[in-house]
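2 protein chains.
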Amino acid sequence: MTARILHGVAVAEAVRAEVKRDVEALKARGVTPGLAVVLVGENPASTVYVGRKREAALDAGIEARVVHLPADVPQAKLEQVIEELNADPGVHGMIVQLPLPRHIDARAVLWRIRPEKDVDCLHPMNVGRLTAGDLDGFHPATPAGVLELLLRCGYSPEGMRVTIVGRSNIVGRPLSILLSHNWRGGNATVTLAHTRTRELDAVTAEADILVAASGKPNLVTGDMVKAGAVVVDVGVNRVEDLSAPKGYRLVGDVAFEEVQEVAAAITPVPGGVGPMTVAMLLRNVVKAASGAVKLR
Amino acid sequence: MTARILHGVAVAEAVRAEVKRDVEALKARGVTPGLAVVLVGENPASTVYVGRKREAALDAGIEARVVHLPADVPQAKLEQVIEELNADPGVHGMIVQLPLPRHIDARAVLWRIRPEKDVDCLHPMNVGRLTAGDLDGFHPATPAGVLELLLRCGYSPEGMRVTIVGRSNIVGRPLSILLSHNWRGGNATVTLAHTRTRELDAVTAEADILVAASGKPNLVTGDMVKAGAVVVDVGVNRVEDLSAPKGYRLVGDVAFEEVQEVAAAITPVPGGVGPMTVAMLLRNVVKAASGAVKLR
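Keeping their order, the protein sequence lines are chains G and F. No gaps in the numbering here: position 129 of the first sequence is 129 in our numbering, and each next residue is one more. No gaps in the numbering here: position 41 of the second sequence is 41 in our numbering, and each next residue is one more.
No lab work stands behind these hints: they were computed from the structure. Backbone N, C-alpha and C define an ideal beta-carbon position, used for all residues, glycine too. Misleading hints may appear alongside valid ones.
Covered by chain G, per the in silico footprint, the following chain F stretches (three or more residues, Cβ under 8 Å) [what the hints assert, rightly or not]: (1) 32-40; (2) 66-79; (3) 129-139; (4) 154-168.
Here are some, though not all, of the chain G residues that point toward chain F, as calculated from beta-carbon distances under 8 Å [unchecked claim]: (5) Asn86; (6) Met125; (7) Gly128; (8) Asn169; (9) Ile170; (10) Ser180; (11) Arg184; (12) Thr189; (13) Val190; (14) Ala193; (15) Arg198; (16) Val203; (17) Val239; (18) Arg249.
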């Protein structure tokens with residue numbers, strides 16, 4: 001039996017349709033949600049991601065603005081741009097596309113964003129609220145997208161054993177927190193695995209739901225997955241492929257072909273978690289614009 | 001073979017001796033570390049804990065002050081006291097003893113504490129930094145105490161499988177974060193179990209290091225522990241005992257007698273983690289007084 005494919009594109013469309021309705025309701029109240037995306041330099045992947053976020057925002061009726069700065073922008077100038085966006089009442093949410101150039105102190109930049117506008121949920125105030133189980137604030141887009149995808153496909157993590165491979169601040173760590181809190185879609189028993197985990201295959205094989213977010217192509221192979229598990233692949237890796245038009249193709253962290261034979265369900269790359277991330281970012285913008293995120 | 005007993009009292013004494021030296025060094029530079037403990041009402045356990053913290057601080061040469069407010073103190077008055085301590089240059093660290101009376105919005109109180117003085121590490125800024133792996137800030141006292149006790153007894157969590165039972169904001173959750181980051185004493189593969197965990201005995205039996213922080217007397221029994229595991233008992237539960245002078249005695253979350261026969265090492269209650277908590281609190285006060293915790 002081959003696994004069911006969990007198509008993030010379709011689920012993300014449903015979320016984006018809801019966001020669109022919420023945006024219309026806000027506009028009827030005289031509020032046009034605004035998103036500012038700060039892009040530094042010309043990293044090709046970043047440029048693609050920023051373009052996608054902008055288009056998705058516009059499509060949902062959100063006013064989206066890209067602030068494009070040169071790769072050699074000084075720290076002070078970048079922080080000044082953030083302060084201007086902090087002060088701009090038309091900007092409800094802002095994100096700074098990562099990674100930033102090496103000469104930039106990324107922490108100082110992220111800490112400069114007003115927490116009420118931090119729709120990427122990277123400011124310590126928002127991370128701290130999330131950790132403390134104060135879930136009325138922003139939820140980081142990719143972890144929230146993973147959870148939403150699971151719930152809408154009928155796989156609630158509640159009471160399940162979840163193994164997450166990868167402890168990044170963007171995906172693995174906040175996802176482990178989101179899934180283990182006592183709330184809708186939470187209450188999972190979560191194990192966070194990483195590069196220093198021994199006998200990784202034993203740890204992954206315990207999982208009812210296995211999330212791969214390690215950034216290593218084909219790290220998760222068929223023998224590492226419990227029969228009937230749900231496998232979520234957050235990886236986006238470029239692998240050289242001279243037969244592909246661009247000379248590379250995108251693969252996840254999961255060896256799709258073989259895991260598909262073992263798992264009950266699996267997300268594809270691309271078309272799995274990626275579209276969910278964008279949809280959940282838009283949802284955070286709506287949250288910000290509706291004034292729901294109070295940080296007194 | 002019976003397990004080695006990990007005596008927190010002795011280890012905590014070593015830590016407190018180090019703190020004392022650090023305090024002397026600070027005083028030689030003209031800085032006398034100051035701790036303020038805010039106690040609301042007459043909760044007997046809280047009164048005992050506050051007294052212990054004050055004594056330990058004084059013993060280390062820290063100036064310690066208890067601000068005792070009546071149980072019916074209004075929210076505004078309590079917050080005003082916090083603001084006064086925030087503004088007081090002689091107070092480097094402050095803690096508000098929990099639990100607070102029901103009419104008090106505890107979150108609003110904790111958020112009012114200046115993060116640079118939040119030596120209990122409960123403000124979202126400090127929790128967020130910890131979660132993000134920015135470990136130069138404060139570490140919450142009990143989780144830090146568990147880690148320090150393990151390290152000083154020769155049981156590094158590095159590469160180990162750790163199961164933590166209990167997802168509280170004071171112990172379980174921050175400990176899971178501290179142990180899984182990539183740093184000295186971290187790099188463990190951590191599973192966070194809780195009230196909604198199914199087959200808890202299977203989850204605990206995987207652990208090389210098992211931490212019980214559930215607040216349920218005798219939750220962890222011998223059959224739940226892997227032979228040769230290290231067991232840390234964070235529980236402090238009052239159990240009725242009419243033969244005891246006070247009519248109750250303190251027990252942990254671990255059925256000590258039977259687990260002692262299975263584990264390689266085990267912490268007692270009392271005399272295990274408790275004294276470490278106080279020692280690590282003092283360490284945070286020194287950190288605060290030395291100006292090491294920058295929150296720009």
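Each hint tested on the structure:
With a threshold of 8 Å between beta carbons, the proposed coverage of the segment 32-40 of chain F by chain G is violated, since 0 of its residues qualify and at least three are required. Requiring three or more residues with a Cβ within less than 8 Å of a Cβ of chain G, the coverage given for the segment 66-79 of chain F is violated, as only 0 such residues are present. Coverage of the segment 129-139 of chain F by chain G holds in this model, with 6 residues showing a Cβ closer than 8 Å to a Cβ of that chain against a need of three. Counting residues of the segment 154-168 of chain F whose beta-carbon sits less than 8 Å from any beta-carbon of chain G gives 4, enough to reach three: the coverage restraint holds.
Look at Asn86/G: its Cβ only gets to about 15 Å from chain F, farther than 8 Å, so that hint breaks. For Met125/G, the shortest C-beta to C-beta distance to chain F is roughly 5 Å, which falls under 8 Å, so the interface hint holds. A distance limit of 8 Å between C-beta atoms decides the matter here; for Gly128/G the minimum to chain F is near 3 Å, and the interface restraint holds. With a cut of 8 Å, the hint placing Asn169/G at the interface with chain F holds, because the nearest CB-to-CB distance is about 5 Å.
With its C-beta approaching chain F no nearer than about 10 Å, Ile170/G sits outside the 8 Å limit, and its interface hint is violated. Interface hint status for Ser180/G: upheld, as the beta-carbon distance to the closest one in chain F is roughly 5 Å, under 8 Å. For Arg184/G, the suggested interface contact is broken, since its CB lies about 13 Å from the closest CB of chain F, more than 8 Å. Using the Cβ-Cβ criterion of 8 Å, the hint placing Thr189/G at the interface with chain F is satisfied: the shortest such distance is roughly 4 Å.
For Val190/G, the shortest C-beta to C-beta distance to chain F is roughly 6 Å, which falls under 8 Å, so the interface hint holds. Hint status for Ala193/G: holds, given a least beta-carbon distance of 6 Å to chain F, under 8 Å. A hinted interface residue such as Arg198/G counts as satisfied when its beta carbon comes closer than 8 Å to some beta carbon of chain F; here the least separation is about 5 Å, so the hint holds. Against a cut-off of 8 Å between C-beta atoms, the interface hint on Val203/G holds, since the closest Cβ of chain F lies about 6 Å away.
The criterion of a C-beta within 8 Å of any C-beta in chain F is not met by Val239/G, whose closest approach is roughly 26 Å, and the hint is violated. With a least beta-carbon distance of about 30 Å to chain F, the hint placing Arg249/G at the interface is violated under the 8 Å criterion.
Hint compliance for this structure: hints 1, 2, 5, 9, 11, 17, 18 are broken, all remaining hints hold.
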